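Novice: Here the protein sequences line up with chains A and B, keeping their order. Reading the first sequence from the start, the letters are residues 0 to 236 in numbering that gives the first Met the number 0. Reading the second sequence from the start, the letters are residues 0 to 285 in numbering that gives the first Met the number 0.
Take these hints with a grain of salt, some might be off.
Some chain A residues flagged as far from chain B (calculated, every beta-carbon gap over 12 Å) [what the hints assert, rightly or not]:
{"hint": "1", "residue": "Ala40"}
{"hint": "2", "residue": "Ile44"}
{"hint": "3", "residue": "Glu50"}
{"hint": "4", "residue": "Thr59"}
{"hint": "5", "residue": "Val62"}
{"hint": "6", "residue": "Ala73"}
{"hint": "7", "residue": "Pro91"}
{"hint": "8", "residue": "Ser92"}
{"hint": "9", "residue": "Glu98"}
{"hint": "10", "residue": "Ile150"}
{"hint": "11", "residue": "Phe159"}
{"hint": "12", "residue": "Lys178"}
{"hint": "13", "residue": "Pro198"}
{"hint": "14", "residue": "Val217"}
Short derived list, chain B residues pointing at chain A, Cβ under 7 Å [what the hints assert, rightly or not]:
{"hint": "15", "residue": "Gly87"}
{"hint": "16", "residue": "Gly220"}
{"hint": "17", "residue": "Ser228"}
{"hint": "18", "residue": "Pro235"}
{"hint": "19", "residue": "Asp236"}
{"hint": "20", "residue": "Leu259"}
These are calculated hints, taken from the structure and not from any lab test. Keep in mind that this is a model prediction, so the values were computed, not measured. Cβ atoms here follow ideal geometry from the backbone N, Cα and C, with glycine treated the same way.
Chain residues, written in single-letter form:
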Amino acid sequence: MRGKLGYVAGLAALVACAIIVHAKPGGGAVSGNVTYEGTPAKQKIIDMSKEPSCAKQHATPIVTETVVTGPNNALDNVVVYISAGASDDSTPSQAVKFEQKGCQYIPHVLAFQVNQTLEIANDDQTSHNIHPLAKINHEWNKSQPPGSPAISEKYDKPEFIPVKCNIHPWMHGNFAVMKNSHFAVTADAGGFSLPNLPPGKYTITAWHESYGDQSQDVTISGSETKTVNFVFKAKTY
Amino acid sequence: MRKMNISNWSVGIAILLAAPLFVSAQQGESHIGKVSGHADTGKQLYFRYCWGCHGFRGDGGGENGPYLNILPRNFVAATFKCRSTPTGTLPTDQDLYNSLVRGFNNTNMPSWVVLTDQNRADLVAFIKTFSPRWQTEKAGPQIAVPTEPKATVESIKHGQALFQKLECWKCHGQEGRGDGPSASTLTDSNDQPIRPYDFSAGSRFKCGSTNQDLYKIFMTGVDGTPMPSFADVIKPDEAWDLVHFLRTLQVTHKSPELSLWESTKEGAEQVAAKKVRGTPTGSGID
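Build out the structure end to end from the sequences listed, making use of the hints.
Specialist: Written out as structure tokens, the structure is:
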């Protein structure tokens with residue numbers, strides 16, 4: 000009896016330990032910049048004349064977003080994440096929002112976690128159909144006329160999913176379904192930071208919708224911040 | 000003693016060998032009404048009738064595949080067009096079975112009505128072995144199709160308003176000819192060009208020919224194609240109004256809805272305007 004109790008107590012202590020370790024954010028971090036070299040393909044001007052309600056929302060015609068760059072060769076819309084070494088995290092309770100506005104997807108690249116609620120809203124005066132072309136997850140396709148409530152969805156497997164609207168063929172976006180909470184999407188200056196990393200060996204991967212992905216290994220000890228930079232070769236087509 | 004050991008061993012091995020067989024037999028089944036299909040029999044049929052197009056691995060990469068407009072279905076992806084279940088879910092056994100009976104209009108998939116009920120059930124069981132999804136998931140819940148109310152002039156007019164409001168015409172065209180402003184840009188999930196259904200041709204729909212089939216097509220969506228699901232945006236009674244209106248777009252296909260619509264002045268004018276009178280024969284062209 001006594002032995003059993005001891006065993007249970009020991010187990011409880013172990014579990015408590017594990018919880019404390021898990022709850023304590025690691026002090027380490029990875030940060031860096033994502034840039035490109037070469038000349039990226041020129042983005043095409045989108046002709047929205049078939050959808051006047053959207054066209055009038057843009058004072059100057061917008062361009063495609065397959066490659067978006069910032070100052071000093073910064074490459075935007077790159078998802079930087081930990082592809083190996085980090086444990087899978089629990090699903091955050093807050094939803095991520097994906098907007099259709101002016102016949103554009105905002106944001107162009109949306110990263111969120113497995114099983115996290117995804118809310119898709121239509122702010123336009125026209126019908127859209129949201130058609131994420133999932134291969135690993137389930138492919139679905141839903142109509143969303145103006146004024147209808149937000150569509151709520153989830154993905155249960157990690158995957159990069161191109162999103163399109165068949166009615167407006169210029170509309171393209173991407174979902175990045177991540178298995179842990181350590182990810183960032185580069186914007187403007189191309190910088191990223193992945194904080195709260197406990198000491199350990201990690202594989203950092205950077206993914207871009209047109210230029211593919213690349214990975215680097217990094218070892219973090221203590222609460223140091225390691226710098227990892229990614230350079231993508233721009234394609235001219 | 001030694002002999003005993005050997006027999007024990009052989010029994011153990013026999014059980015080990017049989018266990019996976021038993022499991023796969025349970026997974027490789029289909030149930031269509033009273034008929035139960037079995038994947039092992041279906042496999043023989045598949046490699047006789049289906050693999051030329053759908054391929055050795057069931058991925059649609061058969062020898063004939065590249066020559067077909069609208070590529071053969073990829074069973075590994077397990078995305079199916081004709082379902083009674085919501086968009087993104089697996090179809091029921093009956094849905095797959097019905098597709099085999101029907102064939103797919105305007106594609107190279109023929110009707111397999113020549114096979115027996117048992118053959119088709121066996122094929123359904125085998126098709127379900129290509130994707131691991133069938134092992135971890137059940138078919139989606141069948142969507143409710145309420146009893147169809149009688150078509151009236153009002154219901155047709157309301158359906159017409161919905162056709163405008165939901166912007167069906169963006170792809171299917173104002174006259175339902177499949178020539179809307181977005182029609183020419185459409186691609187399916189294989190990145191192949193695909194045409195929206197042309198109602199004026201009056202042919203069968205891809206997923207059946209009854210009003211109930213038509214109801215299911217837009218309430219479930221045709222997965223793998225640009226046709227989305229409208230389940231979240233159309234109420235069930237409104238959906239029947241839309242069905243009644245869509246029938247009037249099939250100007251070359253006799254239906255009670257078309258006759259009713261033609262009996263009104265407004266409807267008769269619209270139908271007359273949509274009908275192409277006379278067939279261009281080429282005579283008189285030098």
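Novice: Each hint needs a verdict: does it hold in this structure or not?
Specialist: Hint-by-hint comparison with the structure:
At roughly 19 Å, the least C-beta separation between Ala40 of chain A and chain B is larger than 12 Å, which holds for a residue marked as non-interface. Consistency note on Ile44 of chain A: stated as away from chain B, and its beta-carbon is indeed over 12 Å from all of that chain's, at 16 Å minimum. With a least CB separation of 9 Å from chain B, Glu50 of chain A falls inside the 12 Å interface cut-off, contrary to its annotation. Non-interface call for Thr59 of chain A relative to chain B: holds, since the shortest CB-CB distance, roughly 23 Å, exceeds 12 Å.
With 12 Å as the threshold on Cβ separation, the claim that Val62 of chain A sits away from chain B holds: the shortest Cβ distance comes to roughly 18 Å. Against the 12 Å criterion, Ala73 of chain A stays outside the reach of chain B, whose nearest CB is about 31 Å from its own CB. Every CB of chain B is more than 12 Å from the CB of Pro91 of chain A (nearest about 23 Å), matching its label as outside the interface. Every C-beta of chain B lies more than 12 Å from that of Ser92 of chain A, the closest at about 23 Å, which supports listing it as non-interface.
Against chain B, the non-interface label of Glu98 of chain A holds: every CB pair exceeds 12 Å, the least being about 17 Å. Distance check for Ile150 of chain A against chain B: the nearest CB is about 7 Å away, which does not clear 12 Å, and the non-interface claim fails. Distance check for Phe159 of chain A against chain B: the nearest CB is about 16 Å away, which clears 12 Å, and the non-interface claim stands. No beta-carbon of chain B is positioned within 12 Å of the beta-carbon of Lys178 of chain A; the least distance is around 18 Å.
In this structure Pro198 of chain A is separated from chain B by more than 12 Å, as the shortest Cβ-Cβ distance comes to about 36 Å. With a minimum CB-CB distance of about 34 Å to chain B, Val217 of chain A clears the 12 Å threshold, and the non-interface call stands. Interface restraint check for Gly87 of chain B: the shortest CB-CB distance to chain A comes to about 3 Å, inside 7 Å, so the restraint holds. Evaluation of the Gly220 of chain B hint against chain A yields a held restraint, the C-beta minimum of about 5 Å falling below 7 Å.
A cut of 7 Å between beta carbons decides the hint on Ser228 of chain B: the least distance to chain A is about 5 Å, and the hint holds. Residue-level restraint check for Pro235 of chain B is violated (minimum Cβ-Cβ distance to chain A is 16 Å; threshold 7 Å). Given the 7 Å rule on beta carbons, the hint for Asp236 of chain B is violated: about 17 Å separates it from the nearest Cβ of chain A. Using the Cβ-Cβ criterion of 7 Å, the hint placing Leu259 of chain B at the interface with chain A is not satisfied: the shortest such distance is roughly 27 Å.
In this structure, the hints that do not hold are numbers 3, 10, 18, 19 and 20, in rising order.
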